[in-house]
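*Asks:* Sequence:
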Amino acid sequence: MKANLKPFYFFIFLLLLTGMITRDACAQPPPDRNHRRERLETVIIGKFATELELTPQQAERFFPLFRQFSDASQELQRRQHDARVELDNFSAQETAPPEEVKRLLDLREQNQQEAIRLRRQFLDDVSGFLTPQQISRCSVLLEELPAKIRDMIHEERRRQRTSDKPRAKSR
27 MKANLKPFYF
37 FIFLLLLTGM
47 ITRDACAQPP
57 PDRNHRRERL
67 ETVIIGKFAT
77 ELELTPQQAE
87 RFFPLFRQFS
97 DASQELQRRQ
107 HDARVELDNF
117 SAQETAPPEE
127 VKRLLDLREQ
137 NQQEAIRLRR
147 QFLDDVSGFL
157 TPQQISRCSV
167 LLEELPAKIR
177 DMIHEERRRQ
187 RTSDKPRAKS
197 R
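In my numbering, the protein residues as written are 27 to 197.
Since the hints were derived computationally from the structure, they do not count as laboratory data.
Honestly, I wouldn't trust all of these hints.
Here are the simulated DMTMM-like pairs of lysine to aspartate or glutamate, each with C-alpha atoms no more than 25 Å apart in a straight line [claimed, not checked]: (1) Lys174 <-> Glu140; (2) Lys174 <-> Asp151; (3) Lys128 <-> Glu140.
Taking CB as the label site, the calculated pair distances span [claimed, not checked]: (4) Arg129 <-> Glu79: 44 to 54 Å; (5) Ile179 <-> Ala141: 16 to 26 Å; (6) Ser189 <-> Val127: 36 to 46 Å.
Beta carbons are placed, not taken as given, at the ideal position from N, Cα and C, and that holds for glycine.
Produce the complete structure using the sequences and hints provided.
*Replies:* This is the structure in structure tokens:
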């Protein structure tokens, strides 16, 4: 009887081994930062294209300017974040150098002014080929953009956390 079960056990072993190998081979790695950034950029571009109802000619002119604006804005946001972190570090210290705190506060104010200037310049640049209605909608979308990006990032992180959790076995 035992001799007859050996091929059966061997078959089960091969089946389990094949299942483990194919599961690992088919498992998709978590998306890297660049992939997420590209996906986010695609969503943003789609949002602007549909909300502004851009013609193909307008889109051809709009998106290079938008990417340039977006890159400059992201650099400003990085500098703003770095200054905020430094200020936060100073706030945790017993004594902070007043001249350094003043420098960081001034830098943050300059960054805010630069962000306003960049936004104004972008809207001026696109005013040559967008209608007044499209420009006003674009202005509103630019104001809403940081909150929408934050929401998308939080949603992506929430989705990752729930997909990383082991699933309960169903009976």
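*Asks:* Each hint should be assessed against the structure and marked as holding or not.
*Replies:* Status of each hint after checking the structure:
At roughly 22 Å between alpha-carbon atoms, Lys174 and Glu140 fall within 25 Å of each other, so this suggested pair holds. With a CA separation close to 24 Å, the supplied pair Lys174 and Asp151 stays within the 25 Å bound. The suggested pairing of Lys128 with Glu140 holds, with an alpha-carbon distance near 18 Å, which does not exceed 25 Å. The hinted range of 44 to 54 Å is satisfied by Arg129 and Glu79, whose Cβ atoms lie roughly 45 Å apart.
Checking the proposed 16 to 26 Å range against Ile179 and Ala141 shows it holds: the Cβ atoms sit about 19 Å from each other. A hinted range of 36 to 46 Å holds for the C-beta pair Ser189 and Val127, which are about 43 Å apart.
Comparing the model with each numbered hint stated earlier shows that all of them hold.
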